[in-house]
Amino acid sequence: MQFVGGSALGLLFTPIPWKVLNDSAIWTQNWPWIPAPLTGEFTSFGTTCTLCQSACGMRARSVGKQPVSLSGIPGHPFNNGSLCTAGILAHHLRYHPSRLRQPIKFLPGTGYGTPLSSTTVVDEISRCLNGNRGPVVILDGRPGRTASALFGQLGEAHPAVRYIPMSAPAFDVLHTMSDAPLGPLGYDIDGARLLVNFGAPLFDAWGTPSRASKVMDTRASKTQTVIHVEALCSRSASRSDQWIAARPGSEALLALSLACVMIEEKLYSAAAARTIGDFGEFSDYIRTFSPEAVSGASGVRPETIRTTARAFASQSPALAIVGNDASYETCAAVMALNILAGTVGHTGGVARRNAIPDAAVFPSSGVRAVSLHDVPDHSICTLIIDESLSGCTLSDALLEKKLVPKDATIISLSPFVTSRPYCTQYVVPSTVMFETMSDVPGPIDAAVSSLAVSAAVLQAPDGMMDAVQFAQMLGRALGSTTASGTTEELVKQRVAAIHASKRGTVFAPSTGVSTALQQCASADELWSALAEGGCWMDDAARGDNAPAAMTLMNAFRAAQISLPQSHNVDQLFVVPFAETTIYNGTPVSPLLSKVSQESGLRLSLRQAYVNPATAMARSVANGETISLTTKNGSMTVQAKVDASVMPDVIFVSIAGSRESSVSAHSAHDVRLLCNVNENGSFSSTPVSLQKVTA
Amino acid sequence: MLKPGLLRFLAGLFFSLVIGWYVFPYALYEKFEQPIQFSHKVHTGETGGLSCTDCHEIKSDGRFSGIPALEKCASCHSSAIGTSSQEKILVDEYVSKNREIPWLIYAKQPQNVYFSHASHVKLAALECTECHGSHGSSDSLRPFQRNRISGYSRDIWGSTMSRINRASWDGAKMDDCENCHDRRHVANTCLKCHK
Amino acid sequence: MDKQLISRGTSRTPLPRFMLWILPWVAMLGIGLYAIFLCLSKGLNQTNMDNRFSFGLWIYLDLTVIALGAGAFFTGFLLYILKRKELKAVINSAVTIGFICYSGAVAVLAVDVGQPLRAWFTFWHPNVHSMLAEVTFCITCYLIVLIIEYIPVVLKNRRIKNVPSMLVFEFELHKLMVVLAAVGTFLSFFHQGSLGGLYGVLVGRPFAFRPALGIWPTTFFLFIISAAAVGPSFILLTTWLTSKISRKQLVKPEVLQDLGKISGSILIFYIILKTVDTIFWINSVHALGFSPAGFFRIQEFGTWILFLEIVVLGLVPAILLLSNRVRQNTTLLVLSATLACAGIVLNRYVMTIQTLALPTLPFDQFLSYSPSWQEVATFLAVIAYGMLVYSFSFRYLTLFPQEREIQSV
Amino acid sequence: METNHTSPRYGMVIDVDRCTGCGNCMVACAVENNVPPADPKATERTGTTWMRVSKLENGLPFPENRSVYLPVSCQQCDHHTPCVSVCPQNAVEYDTESGIVAQIPVRCFGCRYCVTACPYHARYYNWWDPVWPEGMEKTLNPDVSTRMRGVVEKCNFCHGRLQAARAKAAAEGRRTIADAEYVPACGESCPTHAIHFGNLSDPNSDVSMLSKDKRAFRLLEELGTEPKVYFLSEQDWVHAIVKNKISTELKGHGNG
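Chains as they are written, first to last, in our numbering: chain A, 366 to 1059; chain B, 59 to 253; chain C, -3 to 405; chain D, 5 to 260.
It is possible that some hints are incorrect.
[Said to hold, decoys possible] Derived lysine-lysine pairs resembling BS3-like cross-links, with alpha carbons at most 25 Å apart: (1) Lys172/D with Lys117/B; (2) Lys142/D with Lys117/B; (3) Lys142/D with Lys430/A; (4) Lys117/B with Lys180/B; (5) Lys579/A with Lys59/D; (6) Lys166/B with Lys430/A; (7) Lys244/C with Lys(-1)/C; (8) Lys257/C with Lys240/C; (9) Lys166/B with Lys384/A; (10) Lys142/D with Lys166/B; (11) Lys130/B with Lys430/A; (12) Lys231/B with Lys89/B; (13) Lys89/B with Lys384/A; (14) Lys45/D with Lys1056/A; (15) Lys81/C with Lys171/C; (16) Lys84/C with Lys257/C; (17) Lys45/D with Lys1005/A; (18) Lys430/A with Lys155/B; (19) Lys130/B with Lys155/B; (20) Lys166/B with Lys172/D.
Just so you know, these hints were derived from the structure itself, not from any lab. Fair warning: this is a prediction, and the values are worked out from it, not measured in the lab.
Whole structure, please, built from the sequences with the hints as guidance.
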């Protein structure tokens, strides 16, 4: 007893209790399961973002070669120091939890897959391609890359292979309206005085991320006006000069109504009208869509339509643009507006870009590329998709329509495990940004062709392929020849060919200025400027470049636009809603939870915007769960009551639908609820809403 | 004559004191040998001719290179210069295999501390010995001692458990930083050092 | 063994019955300990607290039990300093309740903080401006005082008393009681006050913020007075409850009436001050850019809650307790004491929970919060712990010295 | 003395008319400051966003409804800083050399009193231990320490960047740094250049001049906490709503 007492007292005069107290507190400050940052030399390097086609120049701060943060390169002609939300997190994609480590073969329709070895998958793909079952279609979500050229070569060399470059849907339609090939297209937004935007998230990662800043900077000088048409006051709508709230699905009617006013009041470009072969028929057709006739369906007052049409005609050059998820008829109607205004091929309109001068490297047989729209329904037996790039998405519904029912094989190149496992048979793991050399075509909102390069700085995991290697692998499997060489060699050849053309300007991040390519002494100098995050931009096409002959009515006959009979005032509609294109469908960094799950700044998966009046009428409070039922199925979502959205329309998030897991492809996917348009986009669909009580 | 109760009490007291002051400090730390026995003495001064900053340099952006990477060693020792067994390990195990040497860093700061050698060496003009003592003239590398609870190097607490009568380089606890800042009338705000 | 531990001259229920009585409390404590284990090992994500409701059920519990436990210091103060000898009948019970409330509160606090192993930083690197530092210091010290006060109660147990050295120890400790009562009063004064100051200093929470009188916000003083007012009421209540449950008369009726009278006279003083404070608050909150009516126009928290707190659960029991006729009637007396206790429970709820539910920023929303089962289980564990300690103390220790006297009559 | 000049007081001016609410500042902040992705169970109220963009609405029904986005980080209160005085163990400190309100997570023991004290809801408690997907821990910024569960953290104007800028200046023998050398991640990442940052003590700095603009306002100005984060807006309704704080009561019950 006394001994214990003595020890206890003695203990207080030793370091034991105090040091243990101290060190155990320090232990909590350095828990071994909390990761610590890397240590090593702190440097930086420049590169180009490959998440979308905008080709933003970015500077990576890095520990050794490992990027730890990304920022835009100031002065860059495309992004001028800005990046989009996904771009800032591009260095995380390499470590995405759903990153595919080895090839997978899926049991069709189930979502269950088994891993394959790299050699087996090549054998199986080879057997599959040579099975002589029917047409093989290669879809290229981002034309203009070196890999695209190789895919194109496959299409030219092999009779069974069709190469389909996927450009913006509006441009696809414009191509079909022109009697002669138009070549590469882009929007010359910088040159436009008036911009009428049919729902494109102009200020939210649709084009270059510096676009919002550029438009705001013109406000002081009032050199550019932006009119935004959308059913909710989105980020882009609220920052535009004018917002026209139109019912979802009425964009095509509204555009045709603008065209109607232009024709009625003879506000169209006479020169442009002369090039339209079926102008008379078109004029007759368009008169059906008078502002008064369209007003009811669109919810837009006739005076607004007339004023907008007059502005569109008078504030030349005026440009109408449309989002990438727009329906075929919207694209056709909006492009018809540009044609009527005579701004196709003109400054401030739809720009016709010169092709990249790389014919020396990739000679083309001149076979016109096929559009997916022209491929007959239910005809594709084997589909090859290059999904190695984030940000380019294809409509599942459209693919389903084009594939041979139940018996089609899809072969996908993808970095992530969750790309369409329900209908894909083979997924070949691909490299991601920072692991591979890649060249990037220019943004949709640039008037000229361009090229930028993203270099490989980190070692790709074993067994990963980039798109060029994938094309070469397919070539070997098909017995066709494709350009040989490593990706870097091929891209370098392309750059050398551009240098040889002496066309355009080059932006070098090291100096921060753009200079004429003619002053660039060697191809190596051009290469090093591009490799550190610079870009080459072609000269603008000179003079009047308007298309010589157009035929419009084919497209409108296909579109079958009609005025809705009567509008039931109590009917609710559901619309799939993606706030920004970059999050749509492809995996993004898990850190984007900051803007959705952790803050509610943007909708998360299974959330929907509901107008307060709509919610109140059905006793739904903010945050409550609602069940949505259409004739196609039903799903439950969380209601986010928001006064900026149109009453009687439920905007359901599709962001990240493919992120989570295979089970996300069950009937709970909002896209399966909605009616599908001709081009795979979704129209607003009548829906019934029930409050779900826990 | 002491009562037996008191005796037992004193025995307990003595027992605790011995355990606390002799056994505990020894048992608290785990010892590790460095991968190579490096002699600062051979490399510096008249024999080697190198100064501290030749290997431990401050980069132009103010970041400190800390313990030099293998590249630095290899710039002289691409093949063996002398005959020592330690140099042979360096060349055979690390330089020729291009493997970084897993040095155990005595003065390693916790990751919540931002210590700028640039401001202490270039602005305050402190000598290396102020904090690192005679490490630069040592002939061999003492074992690295790691606190079993906190994981810190023993150099943070200092060589003596009581922390009485220490030299300026013996210990690098926050108190030591603060005292030096106080003496030199430098601010002792949290953000001065913590990140 | 059991029989030998029970105080001489008192009778207690048979052991099996006692076991049956404590069993549910033991189970409750067990579940609570499991919840505490979850919170400590996995972190506070086990609770429903969040960055907006960063204080929840536990802080509310702490504030409430410490207010109710104030009976210990205040009875001690009255007995030893003001020499109100009649309170000797309940002092042991008061000390036990104080000990339970404070040790329970400290235990919950240790779970409530994210890094309990760093809690000693408060003593090593204290911020003297922080109300919480003041609370921590005083509560720790006062808990030590309560332990020392509780030890003699334990040592008076029939068996322990047989050990001579223990008897000496008890005797020596007893001589300290006056000093301890004084120290306890001093410490209690500060931590009851600082608990009030805890919310009163929050300039960012205009609903709770109060201007300073000297260096402390007015809530500092209101908390001291309200705790002093309700402490005797709570002792009255617990004594009556114990008596009902054990079916024994434990104290003379005058003792309870005295407690009620003390409680009532302080309560009326408190209510006057509280009313004055509220009026001042209504007139000063405009200066912070908030409308006082706005706070009550939101959702569930209407002005009725203010009325309930000040009038129904404040003024009414105060007047009742001050009436001789009411005090003569045990039922009314107990009812009034219950109302008074409920008033303080509500006051602490308003201070902690309502303050956090109200928006501050223009885009904030009114928030709701409901505790997770882990929080509730931890809360109940404290109650179970209290019941157990009190039950054992009542069975084996002399909590009510008058009991033997009354029973022998 | 180490400093013989007036210490800088860093501040921020955010032009809400330019803010599109894209969220770049939020993710750039998380990257810079090693804030982990959300735990699967995290919500708007338990997530950690040192910078959080909130939507401020004019309260009118569709289609008159308009909104602006307010990026709200720690407002770096200069006076009566609500969180500094409440911390029991000095884990919160007003940094006299930069005007930054410092939060030292390794000192913090997670009592959350400061979280309660902050009217701007700018303080975040770590409800979970941080978890990064395997490999992603390689992308952590070496200039900022990672935190553990059970402690509070918040914006410190990317203090790691200030320390890096100071180290660079020290290497060049300078004791002061220019405004352009130190920009927090949110300001750098803003695609519309809505976030201005600099030294408010320098009357000629960009932020000093903008803070005196008639479009400028601060949040909860009457509390007297003197925030060093200013907002700019030309829209009268924004000023009106910010002044009349409690008017949002009609928004009703929120779980978010």
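Consistency of the hints with the structure:
1. In summary, the hint linking Lys172/D to Lys117/B is supported, as the alpha carbons are separated by about 9 Å, within the 25 Å threshold.
2. Of the supplied pair hints, the one linking Lys142/D and Lys117/B holds, its CA atoms being roughly 22 Å apart against a limit of 25 Å.
3. Between Lys142/D and Lys430/A the alpha-carbon distance is near 11 Å, which keeps this suggested pair within the 25 Å criterion.
4. About 12 Å separates the Cα atoms of Lys117/B and Lys180/B, which keeps this hinted pair within 25 Å; it holds.
5. For the suggested pair Lys579/A and Lys59/D, the alpha carbons sit about 23 Å apart, so the restraint of at most 25 Å is met.
6. Only pairs whose Cα atoms come within 25 Å are accepted, and Lys166/B paired with Lys430/A is accepted, the gap being roughly 23 Å.
7. Between Lys244/C and Lys(-1)/C the CA atoms are separated by roughly 18 Å; this keeps the pair inside 25 Å, and the hint holds.
8. Straight-line distance between C-alpha atoms of Lys257/C and Lys240/C comes to about 21 Å, which keeps the hinted pair within the 25 Å bound.
9. Only pairs whose Cα atoms come within 25 Å are accepted, and Lys166/B paired with Lys384/A is accepted, the gap being roughly 20 Å.
10. Straight-line distance between C-alpha atoms of Lys142/D and Lys166/B comes to about 20 Å, which keeps the hinted pair within the 25 Å bound.
11. For the hint pairing Lys130/B with Lys430/A, the CA-to-CA distance comes to about 19 Å; that is within 25 Å, so the pair holds.
12. Taken as a hint, the Lys231/B and Lys89/B pair is honoured in the structure, with Cα atoms around 20 Å apart against an allowance of 25 Å.
13. Between Lys89/B and Lys384/A the CA atoms are separated by roughly 18 Å; this keeps the pair inside 25 Å, and the hint holds.
14. Taken as a hint, the Lys45/D and Lys1056/A pair is honoured in the structure, with Cα atoms around 23 Å apart against an allowance of 25 Å.
15. Our distance criterion of 25 Å between C-alpha atoms is met by Lys81/C and Lys171/C, whose separation comes to about 16 Å.
16. At most 25 Å may separate the alpha-carbon atoms for a hinted pair to count; Lys84/C and Lys257/C meet this at roughly 16 Å.
17. A hinted pair counts as satisfied when its Cα atoms are at most 25 Å apart, and Lys45/D with Lys1005/A qualifies at roughly 19 Å.
18. Of the pairs offered as hints, the one joining Lys430/A and Lys155/B holds, with about 20 Å between alpha carbons and a cut-off of 25 Å not exceeded.
19. Distance restraint check for Lys130/B and Lys155/B: the Cα-Cα separation of roughly 15 Å lies within the 25 Å cut-off, and the hinted pair is therefore satisfied.
20. Pair hint Lys166/B plus Lys172/D holds up; C-alpha atoms about 21 Å apart against a cutoff of 25 Å.
Checked against the numbered hints listed earlier, the structure breaks none of them; every hint is satisfied.
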